[in-house]
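Produce the entire structure from the sequences given, and follow the hints as far as they go.
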Amino acid sequence: MMDLHPGLMLWTIISFVLFFFLLKKFAWGPIIQALDAREKGIKDNIQAAEVARIEAEKSLEEYKKQLTESQAEAQKMIADARRDAERVREDLLAKSKAEAEDQINRARKQIELEGQEAVNRIKSDIADLVIDSA
Numbered sequence: 000m001m002d003l004h005p006g007l008m009l010w011t012i013i014s015f016v017l018f019f020f021l022l023k024k025f026a027w028g029p030i031i032q033a034l035d036a037r038e039k040g041i042k043d044n045i046q047a048a049e050v051a052r053i054e055a056e057k058s059l060e061e062y063k064k065q066l067t068e069s070q071a072e073a074q075k076m077i078a079d080a081r082r083d084a085e086r087v088r089e090d091l092l093a094k095s096k097a098e099a100e101d102q103i104n105r106a107r108k109q110i111e112l113e114g115q116e117a118v119n120r121i122k123s124d125i126a127d128l129v130i131d132s133a
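At position 109 of the sequence shown (counting the first as 1) the number is 108 in numbering that gives the first Met the number 0, and the numbers step up by one without a gap.
In case anyone wonders, no lab produced these hints; they're calculated from the structure. Remember, predicted model here, so these are calculated numbers, not experimental data. It is possible that part of the hints are untrue.
Stated by the list, open to error - In silico lysine-lysine, BS3-like type, Cα no more than 30 Å apart, as pairs:
#	residue 1	residue 2
1	K108	K94
2	K23	K39
3	K64	K39
4	K94	K122
5	K75	K63
6	K24	K42
7	K108	K122
What the hints assert, rightly or not - Label pairs and their computed distance ranges (CB to CB):
#	residue 1	residue 2	range
8	A126	V87	27 to 35 Å
9	I103	Q65	50 to 58 Å
10	F19	L59	52 to 60 Å
11	K39	G6	24 to 32 Å
12	I125	N104	25 to 33 Å
13	R52	D90	51 to 59 Å
14	I125	E89	29 to 37 Å
15	V129	A106	29 to 37 Å
16	L92	E72	53 to 61 Å
17	E72	K39	30 to 38 Å
18	D127	A106	26 to 34 Å
19	A78	L112	45 to 53 Å
20	A48	G6	54 to 62 Å
21	A47	A80	46 to 54 Å
The C-beta atom is built at its ideal place from N, Cα and C for all residues, glycine as well.
Shown next as structure tokens:
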């Protein structure tokens, strides 16, 4: 059977307790500090990532807002350009009609004048014929 050696058992316990205290004093502190530093670093990284995500969302919202405003402004510019083009077209059409009417009126006056001159020449020719035949 097993023999128990009280002296060996005592020295084993003393060695274990001494080793435990040395470990606690010299190794446990730096290990805990390293774990705490790592935990803090991870928390800081998570917090920085959250801040970056929030900033990215803000930037995205600002981009969407600017895009919407730009699209609205572009639509307004297109509508203004169409309205201006329609106004120019109507002005040109009115001007063309006025010029056409003016040309027609001048042509009518010219025709009337030439017709009057033709009537006067015919009257003059008839008068000359009447005088010559008399």
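Now for the hints, and whether the structure bears them out:
1. Restraint check for K108 and K94: the C-alpha separation of about 21 Å stays at or below 30 Å, so the hint holds.
2. The hinted pair formed by K23 and K39 meets the criterion: a straight-line CA distance of about 22 Å does not exceed 30 Å.
3. The straight-line distance between the Cα atoms of K64 and K39 is roughly 37 Å, outside the 30 Å bound, and the hint therefore fails.
4. With a C-alpha separation of about 41 Å, the suggested pair K94 and K122 falls outside the 30 Å cut-off, and the hint is violated.
5. Distance check on the hinted pair: K75 and K63 sit about 18 Å apart at the alpha-carbon level, within 30 Å; holds.
6. Distance check on the hinted pair: K24 and K42 sit about 27 Å apart at the alpha-carbon level, within 30 Å; holds.
7. Note on K108 and K122: the hinted pairing holds, with a Cα-Cα distance of about 21 Å set against a maximum of 30 Å.
8. For the pair A126 and V87, the beta carbons lie near 57 Å from each other, so the given range of 27 to 35 Å is not met.
9. The supplied range of 50 to 58 Å is met by I103 and Q65, whose beta-carbon atoms lie about 56 Å from each other.
10. The beta-carbon spacing between F19 and L59, approximately 56 Å, falls within the hinted interval of 52 to 60 Å.
11. The beta-carbon spacing between K39 and G6, approximately 48 Å, falls outside the hinted interval of 24 to 32 Å.
12. Hint check: I125 to N104, Cβ distance near 31 Å, so the stated range 25 to 33 Å holds.
13. In this structure, R52 and D90 meet the distance hint of 51 to 59 Å, their C-beta atoms being roughly 56 Å apart.
14. Separated by about 53 Å at the C-beta atoms, I125 and E89 break the suggested range of 29 to 37 Å.
15. The hinted window of 29 to 37 Å between V129 and A106 holds, with their beta carbons roughly 34 Å apart.
16. Checked against the hint of 53 to 61 Å, the pair L92 and E72 fails, with Cβ atoms roughly 30 Å apart.
17. Look at E72 against K39: about 48 Å separates their beta carbons, and that is not inside 30 to 38 Å.
18. Evaluation of the 26 to 34 Å hint for D127 and A106 yields a pass: the beta carbon distance comes to about 31 Å.
19. Under the hint 45 to 53 Å, the C-beta atoms of A78 and L112, about 50 Å apart, fit the expected range.
20. About 60 Å separates the C-beta atoms of A48 and G6, a value consistent with the hinted range of 54 to 62 Å.
21. The hinted window of 46 to 54 Å between A47 and A80 holds, with their beta carbons roughly 48 Å apart.
In summary, the structure is inconsistent with hints 3, 4, 8, 11, 14, 16 and 17 from the numbered list given earlier, while agreeing with the others.
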